[in-house]
Amino acid sequence: MLVETDSCNSPFVLDANGLGRLIASLHASGHRVLGPTRRDNAVVYDEVRSTSDLPRGWVDEQAGGHYRLKREGEAYFGYTIGPTAWKSFLHPPKQSLWSTKTGNGQTEIRPASISDEKLAFLGVRACELAAIAVQDKVFLDGAYRDPHYAARRANLFIIAVNCGRAASTCFCSSMGTGPKAREGYDLALTEFITSEDVAFLAVAGSKEGAEMLSTLPTRPATQADIDASTEATAQAESQINRRIDTSGLSPLLKENPDHPRWNDVASRCLNCANCTMVCPTCFCTKVEEVSDLDGVETSRVQSWASCFTSDFSYIHGGAVRTTPKARYRQWMTHKLATWVDQFGTSGCVGCGRCITWCPVGIDITEEAAAIRSGNKGG
Amino acid sequence: MAHIPDPHLSDPMVPVLARVTNRVEEIPGVVTFEINAPQWQGFAPGQFNMLSLFGVGEIPISISGPSFDSTTIIHTIRDVGAVSGAMATLEPGAMLGMRGPYGTAWPVEQARGRDVVVVAGGLGLAPVRPILYHLITNRANFGRVTLLYGARSPDEILFRNELSKWRAQLDMSVEVTVDHADATWRGHVGVVTTLFKGADFDPAKTTAFVCGPEIMMRFGANALTDAGVAPEDIHLSMERNMQCAIGLCGHCQIGPFFVCKDGPVFNWAQMKPLMAIKEL
Chain A
13 MLVETDSCNS
23 PFVLDANGLG
33 RLIASLHASG
43 HRVLGPTRRD
53 NAVVYDEVRS
63 TSDLPRGWVD
73 EQAGGHYRLK
83 REGEAYFGYT
93 IGPTAWKSFL
103 HPPKQSLWST
113 KTGNGQTEIR
123 PASISDEKLA
133 FLGVRACELA
143 AIAVQDKVFL
153 DGAYRDPHYA
163 ARRANLFIIA
173 VNCGRAASTC
183 FCSSMGTGPK
193 AREGYDLALT
203 EFITSEDVAF
213 LAVAGSKEGA
223 EMLSTLPTRP
233 ATQADIDAST
243 EATAQAESQI
253 NRRIDTSGLS
263 PLLKENPDHP
273 RWNDVASRCL
283 NCANCTMVCP
293 TCFCTKVEEV
303 SDLDGVETSR
313 VQSWASCFTS
323 DFSYIHGGAV
333 RTTPKARYRQ
343 WMTHKLATWV
353 DQFGTSGCVG
363 CGRCITWCPV
373 GIDITEEAAA
383 IRSGNKGG
Chain B
34 MAHIPDPHLS
44 DPMVPVLARV
54 TNRVEEIPGV
64 VTFEINAPQW
74 QGFAPGQFNM
84 LSLFGVGEIP
94 ISISGPSFDS
104 TTIIHTIRDV
114 GAVSGAMATL
124 EPGAMLGMRG
134 PYGTAWPVEQ
144 ARGRDVVVVA
154 GGLGLAPVRP
164 ILYHLITNRA
174 NFGRVTLLYG
184 ARSPDEILFR
194 NELSKWRAQL
204 DMSVEVTVDH
214 ADATWRGHVG
224 VVTTLFKGAD
234 FDPAKTTAFV
244 CGPEIMMRFG
254 ANALTDAGVA
264 PEDIHLSMER
274 NMQCAIGLCG
284 HCQIGPFFVC
294 KDGPVFNWAQ
304 MKPLMAIKEL
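Each protein sequence line maps, in turn, to chains A and B.
For the first sequence, the numbering used here begins at 13 and goes up steadily by one.
For the second sequence, the numbering used here begins at 34 and goes up steadily by one.
Treat the hints with care, since some could be wrong.
[Claimed, not checked] Derived pair list, reagent style DSSO-like, types lysine-lysine, alpha-carbon separation capped at 27 Å:
1) A:K298 with A:K106
2) A:K266 with A:K130
3) A:K113 with A:K298
4) A:K298 with B:K294
5) B:K238 with A:K266
6) B:K230 with B:K305
7) A:K219 with A:K266
8) A:K113 with A:K82
9) B:K198 with A:K266
10) A:K106 with B:K294
11) B:K238 with B:K305
12) A:K130 with A:K106
13) A:K113 with A:K219
14) A:K298 with A:K266
15) A:K149 with B:K294
16) B:K230 with B:K198
17) A:K266 with A:K113
18) A:K266 with B:K230
19) B:K294 with B:K305
20) B:K311 with B:K294
21) A:K298 with B:K311
No lab work stands behind these hints: they were computed from the structure.
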């Protein structure tokens with residue numbers, strides 16, 4: 013029995029050597045391969061030249077305001093997720109939009125060139141595929157498109173890797189995004205342990221993925237391989253113990269702007285903006301003007317912005333949201349409620365990064381539950 | 034490989050070069066500019082442009098000229114910050130960046146056959162001026178037309194000559210009030226809502242356009258609903274931080290709306306519940 017695959021997407025098995033060949037093939041076809049690497053005692057997405065760059069044998073331990081790597085097992089993808097979101101590459105933290113040059117009384121506007129770089133993401137988790145789909149809606153499906161995002165997205169090859177573990181901060185299953193990748197990838201891998209080594213059950217999700225798979229050293233999957241990979245995903249799912257109850261959540265939050273819990277969370281929130289930086293769907297940006305001293309050359313530079321800063325809502329006369337309460341409420345209500353009005357989907361994919369990287373461990377699942385339960389800030 | 038289109042044609046964040054062709058100082062710190070920009074195809078009353086000064090920054094400014102003139106772009110700018118302050122000093126011939134027009138329009142044609150009440154406060158007269166031009170040019174299409182305008186003091190009354198001209202027209206009613214009178218002032222004193230009692234309109238058949246500081250719009254819209262005008266027939270123009278004007282930067286959100294693309298013009302049925310929430 014093949015589980016959740018159809019005949020043209022039959023699973024194959026790739027060994028560690030095959031994974032190395034996959035990385036090499038992507039390089040050979042002109043891709044810049046980005047994937048998990050270990051840096052500063054965290055798993056961060058960066059250049060991957062070979063399998064030796066992968067954080068093999070490292071797993072993460074996460075909780076509110078807590079992240080540690082430790083040695084455990086031999087898996088290449090034994091960690092869950094680190095602080096980097098793939099938006100760092102598709103929607104970079106800083107980019108120039110255009111520049112001007114003035115000379116002889118003439119000013120010329122020069123649009124920033126649109127990158128034709130081919131990116132390959134290795135190790136995209138199910139929640140992260142969902143996050144990319146959310147940002148696709150933001151940047152590509154509206155009346156105006158971001159041409160820089162569109163170009164990077166059009167040239168992207170995605171290799172999903174299903175989770176075999178869950179962190180204590182994960183809640184993808186309640187958001188309907190994971191832990192198993194269902195769509196939006198070129199290839200999906202599930203890592204499992206065999207008697208000799210690790211192996212990957214590989215499924216193609218696109219024509220490009222199938223073509224790539226056909227060039228790699230694989231063997232057809234046996235029932236035992238399929239069972240082993242199903243078990244790995246089931247293990248991750250069984251480890252998920254956080255959840256958000258999404259039923260009626262959007263109207264609930266919009267109808268409770270004066271709930272005392274907002275004051276309670278505001279008393280703990282440092283307004284540091286970490287949650288918005290690590291969130292894989294937060295898309296807000298600001299623009300800044302950069303000029304040389306004589307004003308001959310100027311440029312308009314876009315960078316990530318956070319609704320936790322007071323200048324985010326500044327209009328002449330002062331900020332609209334002056335209080336931490338209003339800023340936290342804006343972030344969470346946007347993420348879980350008004351996002352649905354705007355883009356037809358929740359802005360939260362359940363990755364749990366905002367919980368882990370919050371210095372005081374504020375937990376969006378707890379805050380949402382508190383608003384629902386009528387907890388009066390206790 | 035994906036087809037990469039010409040960013041000049043496809044990148045909505047890149048402005049075109051525009052030239053200031055005329056400058057009029059309306060009152061101290063408020064300047065009206067005529068601007069000429071390539072490929073301009075006109076606008077609808079209520080829309081705005083993003084104007085850039087290179088090396089200084091970019092700001093949203095509503096268009097204050099007549100919408101039937103599809104060649105000249107008119108903006109009235111008050112010096113309230115670094116960019117608007119620098120812009121206010123521009124002289125004819127100066128170059129600036131421009132992109133637009135953006136945003137929703139005042140639904141002026143929905144008011145056809147109905148009474149129209151325009152309520153403006155302070156510089157809020159600029160974004161509603163295209164409505165007045167439209168009403169005056171197409172006067173026969175509308176019922177009674179009333180402009181209620183409030184300024185802080187007599188020397189802050191904007192478009193004073195035009196107000197006198199409009200007041201002299203027998204087919205529209207123009208009332209002006211100031212918060213703080215001086216020795217020369219013989220008109221109304223008080224906030225703009227005090228003008229409602231003398232205004233002549235049939236609330237069941239009235240479309241209202243309200244623009245000014247948020248608190249003034251809230252009181253104005255409430256006065257109109259108290260008089261019997263339906264919330265769906267009251268339109269207002271919201272202001273929020275806007276850095277992209279195309280719904281991508283996130284700054285201008287108010288509840289589920291992006292003011293830049295879902296607004297700036299909203300009706301009172303949409304805005305009343307949101308404006309009731311502090312610091313939304």
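To see whether the hints hold, each was checked on the structure:
{"no.": "1", "hint": "A:K298 with A:K106", "result": "holds, 10 Å"}
{"no.": "2", "hint": "A:K266 with A:K130", "result": "violated, 41 Å"}
{"no.": "3", "hint": "A:K113 with A:K298", "result": "holds, 22 Å"}
{"no.": "4", "hint": "A:K298 with B:K294", "result": "holds, 17 Å"}
{"no.": "5", "hint": "B:K238 with A:K266", "result": "violated, 33 Å"}
{"no.": "6", "hint": "B:K230 with B:K305", "result": "holds, 22 Å"}
{"no.": "7", "hint": "A:K219 with A:K266", "result": "violated, 42 Å"}
{"no.": "8", "hint": "A:K113 with A:K82", "result": "violated, 52 Å"}
{"no.": "9", "hint": "B:K198 with A:K266", "result": "violated, 47 Å"}
{"no.": "10", "hint": "A:K106 with B:K294", "result": "holds, 24 Å"}
{"no.": "11", "hint": "B:K238 with B:K305", "result": "holds, 21 Å"}
{"no.": "12", "hint": "A:K130 with A:K106", "result": "holds, 19 Å"}
{"no.": "13", "hint": "A:K113 with A:K219", "result": "violated, 44 Å"}
{"no.": "14", "hint": "A:K298 with A:K266", "result": "holds, 26 Å"}
{"no.": "15", "hint": "A:K149 with B:K294", "result": "holds, 16 Å"}
{"no.": "16", "hint": "B:K230 with B:K198", "result": "holds, 23 Å"}
{"no.": "17", "hint": "A:K266 with A:K113", "result": "violated, 47 Å"}
{"no.": "18", "hint": "A:K266 with B:K230", "result": "violated, 36 Å"}
{"no.": "19", "hint": "B:K294 with B:K305", "result": "holds, 19 Å"}
{"no.": "20", "hint": "B:K311 with B:K294", "result": "holds, 22 Å"}
{"no.": "21", "hint": "A:K298 with B:K311", "result": "holds, 24 Å"}
The structure does not agree with the numbered hints 2, 5, 7, 8, 9, 13, 17 and 18 stated previously, though it agrees with the rest.
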